[in-house]
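Protein sequences appear in the order of chains A and B.
Here this note's numbering is used: the first residue of the first sequence is 559, the next is one more, and so on.
Here this note's numbering is used: the first residue of the second sequence is 52, the next is one more, and so on.
No lab work stands behind these hints, which were simulated from the structure alone.
Keep in mind the model is a prediction, meaning the values are calculated, not measured.
The C-beta atom is built at its ideal place from N, Cα and C for all residues, glycine as well.
Among the clues, some could well be false.
Label pairs and their in silico Cβ distance ranges [unchecked claim]:
(1) B:E130 <-> A:T906: 31 to 39 Å
(2) A:E774 <-> B:A131: 20 to 28 Å
(3) B:F59 <-> A:L809: 35 to 43 Å
(4) B:P67 <-> A:L809: 23 to 31 Å
(5) A:Y979 <-> B:E130: 18 to 26 Å
(6) A:L1191 <-> B:A131: 27 to 35 Å
(7) A:A903 <-> B:P67: 22 to 30 Å
(8) B:G68 <-> A:L1018: 47 to 55 Å
(9) A:L956 <-> B:E130: 50 to 58 Å
(10) B:F59 <-> A:T890: 36 to 44 Å
(11) B:P67 <-> A:Q767: 26 to 34 Å
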Amino acid sequence: MSSQGDCHATGASRGRIATVEGIASVLLVGNPNVGKSTLFNALTKARQHVVNAPGTTVALAEGTWRTDCADVTLVDLPGTYSLIARSPDEQVAADAVSDPAHDLAVVVLDATALSRSLYLLGQVARAGRPIVAALTMIDLAEARGLAPDADALSRALGVPVIEANGRNGRGLTALGEAVTDALTSPSFVTGVTVRRREEVIRDRLSDAQELFDWVEAVGDAAVAASAPHATFTDRLDRILLNPWVGPAAFLAVVWGVFQLTTVVASPLMDGVARVVQGPIAGWVSSALGAIGAPTWLESFAVGGVLAGVGTVLSFIPLMAIMFAAVSALESTGYLARVAVVADRAMRTLGLDGRAMLPLIVGFGCNVPALSATAVLPHARQRLLTGLLVPLTSCTARLAVYLLLAHTFFPGSAGTVVFAMYVASVALVIGWGLIARHTVLRDITPEPLIIALPDYQWPHLRTLGRSVWTRVASFTRKAGTVIVVAVMALWVLQAIPVRGGHDIADVPVADSAYGAVAQGAAPALAPMGLNDWRIAASLVAGIAAKEVVIGALAQSYAIDDAGDEATLGEQVRATVERTSGGAPGAAALALMVFVLSYLPCLATLAEQRRLFGWRWTAAAAGAQFAGAYGLAILVFQVGRLL
Amino acid sequence: MPYVYPEFMLLSALAPGSSAHVRTVSTESGVVLRLREMGLRPGALIRMTGRASGGSRIVTVGAARIAIDGTTAALIEVEAA
């Protein structure tokens, strides 16, 4: 531990290093997969949150780093190979580096790929930033017979080079000291000419060549060359990237992630819902009863507020599991391989191989699938993938297919349900191609040129922290929207529009909600489903697909929603009447409609958070129109058969 | 000894385990630059680690392992080392 006296030359005591802007701002810059996020987590611990980069949907982690001398704001920039950006994410890194509002850059140097790291450092130096370098992955480099000498490197560069390991905390204190020193007396890289911001570079290739020559000179001074030899990673890659085993291994991983969302997360979600609706709801009711609150208030507290909070809470285990799975895959180095294995297939949609994983997760639940798009490096590709995610048929929709398929196609229910999944994949491909050739024409599959990191065990503490940060961010932002929406649904159900009922004591048919459904029902006539109860369940299904069946049961005033035979019979009787004698075609139309008419509110809220409301609204509108047309087509063609 | 002409070939045609020096890359300058940034600069010694599913090639440059999609790999001319 350093004493107060060690705190830089000015003798300042521990506190904030004041700058014109206030607290000093330090950027963390580095190539992808160099242990940058592990370092960030080790430095900021729990004092971090996710923010969007100014004017973009690119998420950045920002945190407070309490060094022994001062608190500084640390910004974890997207990993990049170069500041000559080829994607919006890389542009965010480039913009931040050239923004004078930041006081210092900590450039993370990967000891196993020093020249690539030094090139980036050279670019940061050209931008005129003061620099402190953190040398990571030293253990891996030593295992490979490459041992860069931090002192020699520091002499060659003219800035402090600190060996730092976010996994075991080694070197972090020294890094903190170097940074606080550099904030008071800035250290600049020698041998690199600083560029003015407005300077125009005519020939980028020969301009880069200057830096390559500089990198070579610095690298020669710091690392003894040795012939690389095949490592454990190379041997494992021979299996996991094998043309035959590779795709199978990838599908196995995807299946495992899918299992996690259904097998592990579902009971947890049910458990949370049961606790909220059971003991907690009972406790709230009796507490409100005890203080003499009116019935409507009790109903609002339980059916509105608590139901909304319960919906959000029940999502948390699912989100946490998904984030953990994706973060683990990323930190082991496997996600970089997925990009390679799935690349060719995803190229037809203008996407990158990495887009495969979120789409598969979507079949479990769309909400964590949207968050999983964060693994995609390009904002445009994240957008397209994120807009396609709602077309993947989540498990909540499966419940609707099961009821309808068993009721209307008792002999071939399995085939019908399977067909819905085929339809879901077809919709993803179809809408993907349409979007690619219309609104997202600027999306072009980039050449895939990525570094494959060494395989590593995930670092549990880093994993835990990043899961916590992301879940907190989801709960704060999407959670608020969900709670408000469920409360609004309650209000609609509580308002009597006819029959002279009291507020919050209304049969569904006489509520504002029922009136809306009755108004909407005729729109379902072309698909043979002109019935207010079906319309009502679809309206409720916008809140969450889980409530479609429950809302149907409520409308038929069945006490036990679990009694599906009775519910099925009632629905069948209704559909036989509305479809004019073609109930099968109408049931298929209903399933197709439920598959894609609108994403649930949690999905919409998450989309809005990631892509803004314009994209979310436009995609939802297009999807709704498409589903409407498709359902009509299914019914009209189906009833002729 | 008769003069042996240097053997030029495409990176995509390089046999696993063999080494080569990068010569030229014929594609748009942004991609050429990114390849150079990743270490595939003219004259750099690379080793073909293998061909992955989906047609990508895995090459080693120095100590770094780089994956390049098949189309791009076919734009890189190398000289057998």
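Hint check results:
1. Look at E130 of chain B against T906 of chain A: about 34 Å separates their beta carbons, and that is inside 31 to 39 Å.
2. In this structure, E774 of chain A and A131 of chain B meet the distance hint of 20 to 28 Å, their C-beta atoms being roughly 23 Å apart.
3. Checked against the hint of 35 to 43 Å, the C-beta distance between F59 of chain B and L809 of chain A comes to roughly 39 Å, which is consistent with it.
4. Taking 23 to 31 Å as the suggested C-beta distance range, the pair P67 of chain B and L809 of chain A conforms, at roughly 24 Å.
5. For Y979 of chain A and E130 of chain B, the Cβ-Cβ distance of about 51 Å falls outside the hinted range of 18 to 26 Å, so the restraint is violated.
6. About 59 Å separates the C-beta atoms of L1191 of chain A and A131 of chain B, a value inconsistent with the hinted range of 27 to 35 Å.
7. Separation of A903 of chain A from P67 of chain B is about 23 Å and conforms to the stated range, judged on CB atoms against 22 to 30 Å.
8. For G68 of chain B and L1018 of chain A, the hinted distance range of 47 to 55 Å is not satisfied, since their beta carbons lie about 37 Å from each other.
9. In this structure the hint that L956 of chain A and E130 of chain B lie 50 to 58 Å apart at CB holds, the actual value being about 57 Å.
10. One distance hint, 36 to 44 Å for the beta-carbon pair F59 of chain B and T890 of chain A, holds here, with the actual separation near 38 Å.
11. Distance hint check: the CB atoms of P67 of chain B and Q767 of chain A are about 30 Å apart, consistent with the given range 26 to 34 Å.
Hint check: violations occur at hints 5, 6 and 8; the rest are consistent with the structure.
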